[in-house]
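Novice: Each chain is listed here by its residues.
Number of protein chains: 2
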Amino acid sequence: MALDKKIKNSPNTVKIGIIGGGQLGKMIILEGKKLGIQFIVLDPDENCPAASIADEQILGGYYDSEKIEKLAACCHVLTYEVEHIHADILMALVEKGHSIQPAPTTLKMIQNKYRQKTFLLEKGIATTEFEKITTVVDIENYIRREGLPAILKSCYGGYDGKGNKVIRTVDEIEKAYQLLGGSTNELMIEKYITFTHEISVIAARGAYGEIRLFPIGENIHEENILRTTIVPARVEASVLQKAEKLALEVMEELEGTGVFCIEMFVDPEGNVLVNEIAPRVHNSGHYTMEGCNISQFQQHLMAILEYPLATPYLIKPSLMMNLLGEEKEGRAMIEGLTEVLQYDDTYVHFYGKEYTKPLRKMGHVTLLGHNPEALMDKAEKVKKVLKITGY
Amino acid sequence: MALDKKIKNSPNTVKIGIIGGGQLGKMIILEGKKLGIQFIVLDPDENCPAASIADEQILGGYYDSEKIEKLAACCHVLTYEVEHIHADILMALVEKGHSIQPAPTTLKMIQNKYRQKTFLLEKGIATTEFEKITTVVDIENYIRREGLPAILKSCYGGYDGKGNKVIRTVDEIEKAYQLLGGSTNELMIEKYITFTHEISVIAARGAYGEIRLFPIGENIHEENILRTTIVPARVEASVLQKAEKLALEVMEELEGTGVFCIEMFVDPEGNVLVNEIAPRVHNSGHYTMEGCNISQFQQHLMAILEYPLATPYLIKPSLMMNLLGEEKEGRAMIEGLTEVLQYDDTYVHFYGKEYTKPLRKMGHVTLLGHNPEALMDKAEKVKKVLKITGY
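Chains as they are written, first to last, in UniProt numbering: chain A, 1 to 391; chain B, 1 to 391.
Some hints here could point you the wrong way.
No copy labels: a pair is met if it fits in one copy or bridges any two.
To be verified - No farther apart than 25 Å at their CA atoms in a straight line, the calculated lysine-lysine pairs in the BS3-like style are these:
(1) LYS175 with LYS162
(2) LYS242 with LYS381
(3) LYS383 with LYS67
(4) LYS378 with LYS123
(5) LYS6 with LYS383
(6) LYS242 with LYS8
(7) LYS96 with LYS378
(8) LYS123 with LYS316
(9) LYS70 with LYS381
These aren't lab readings, by the way, just hints derived from the structure by calculation.
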């Protein structure tokens, strides 16, 4: 349902609801406030990062249909910054005429990894091979046929590597099955592909169907958590072209407006395969805040508020590194902040989470520079100095 | 008094008090939230632009010493985004050990235009000629000696041209004197100089004495209200050098950390004269948000929180145009917003003020482009389409 023209001309009267009040929600709000937009956040934690700048917060969980209905009732457009939320209630709300972006049908589809992969397969989009798993015997059969290593995945609920288990030897099958709760959870198995690069494309669809891509970033994960995004990705131009083409193919098939992230693998032959889709702003797009003419957060707002999209371009090569909590838990503190702020083209973001714990995403740093190599050196320097630790 | 190191390493525990909750305060907060900083705003209007993102607001006027003391008591550093505030109470608070930046002594000095000019004169800084005025006869004597036109100014309280009156004929003397309340208000008179350009330098002093200048902007005023800032200023390189030198001379003499704006005139011979100093972030520095590697707001925070300053540079030539309310009063609406958002490198800011009235500063637009000429053309196009009007 199109937004009222009067509302669109008075952005300070627009109310956007966001399910999730983490750092992604916070950064959406920071952009929206430049236009005076009002935000209502649904999050169970009253100290969530977005709370300090949201106009209002509804305290509640992401599966609380009553609270989600309440949120929808008081905003012009509803969006989300998390994926594990009650998609059925969102679909019902769309039926009732609410604007929810990206479309809950897309959300519902990606929430189940097996359904997501099947969708890609059906649409003829290159992706890694996969198979549904019910019993340990299914895994054994798969491995006998396809070989090792393989990756066992929970179809629901995984993020940052949770819900995934790599099987490297036959001995590990039973343990992996138990770990992911195979007797009660829906599971799938994938070939563990050898890739040379992980890349991601942040893409947006506007209200009039236009699609815009951000420059493609290369992602480095450790312990399944994104550590670093480097832009432009250090792959050949032909790979970038394939990735863009693939991203456009995916975008043509997804429903709804807003920003999406399409994660891909590049194999040693230079083939590009879709790994996973997120119908939301994404950690690998944080670099756009300083590295591009428009941030992913602002582009998301342009899309869901039915304004025209910007055509993104890179101002300078960029590197984003996540600031994860070190070993020491407690109230969060950034060691080395003053030193790092002396470096040029260095932007520190600290999400405002009160407590740190190991590997918790507490903030990120964006570095701009002449080329990816120089940025990698600079990042090493920053990493040595800047530590999130408890006190 | 230096900030505690622990506090500086935990920016999410830092509390900054801001006197004034207008758009300047709002934009300071938007930058500070990237580091998770907390803000408490003192403003009499509960719907002021900063209110929607401040962590807390103290409702009160800028001369309410009790409320100012309350604000100081609950923050680590106190700053201000307006000039017409109770400077004496701020000076007393500094005596008691509070950190207030820039120094209230500087604020006190600039609040009285005669004192400000005398200060510049004493420090040997080039400025326009001026004289104190008490009676109509004083004005007559001045004009007999110096000629017309002259500009009569109230020493206190003027902004956006309020408190100024140009005298072009002898007949206007009495009227100007009455208009500015000469029998009760302190007045001064200045030679009305013919200038080819108005320019301004946004400068910052850090906690360790370092001074950093932003690229110099050229300002266009109409009806004494800033309409447009063009960066780089369209003056010769030698003029820019003189302006930088002059700005550094001024900065060496001012007290306190933070961002200052130094407004200057360029005369037909290419001489540069200081017109006015503002010890705060400034409308003519808004272009820095998109046009520079660091915004004036972030630089201000770096300074007052005793972090190192960045060295500002221009990403692309920039033009900032203010969005002032048109004739029609009422609830604010931006006609043409959707159209303008189609233009590339065009950034619309809307402060979130509910009501518009003629010439009220409701927002601004920053344009980036190849050169000032192209930007002027683009600005004309934007101006034709984008209107703030009431409904």
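Novice: Work down the list of hints and note, for each, if the structure agrees.
Specialist: Structure-based check of all given hints:
1. LYS175 with LYS162: Answer is within: at 15 Å inside a copy they meet the 25 Å cutoff, but 78 Å across does not.
2. LYS242 with LYS381: neither (33 Å within a copy, 38 Å between copies)
3. LYS383 with LYS67: Answer is neither: 41 Å inside a copy and 43 Å across each miss the 25 Å cutoff.
4. LYS378 with LYS123: neither (41 Å within a copy, 43 Å between copies)
5. LYS6 with LYS383: Between copies, since 20 Å is at most 25 Å while 48 Å is not.
6. LYS242 with LYS8: neither (37 Å within a copy, 46 Å between copies)
7. LYS96 with LYS378: Classified as neither; 52 Å inside a copy, 43 Å across copies.
8. LYS123 with LYS316: neither (35 Å within a copy, 42 Å between copies)
9. LYS70 with LYS381: neither (47 Å within a copy, 42 Å between copies)
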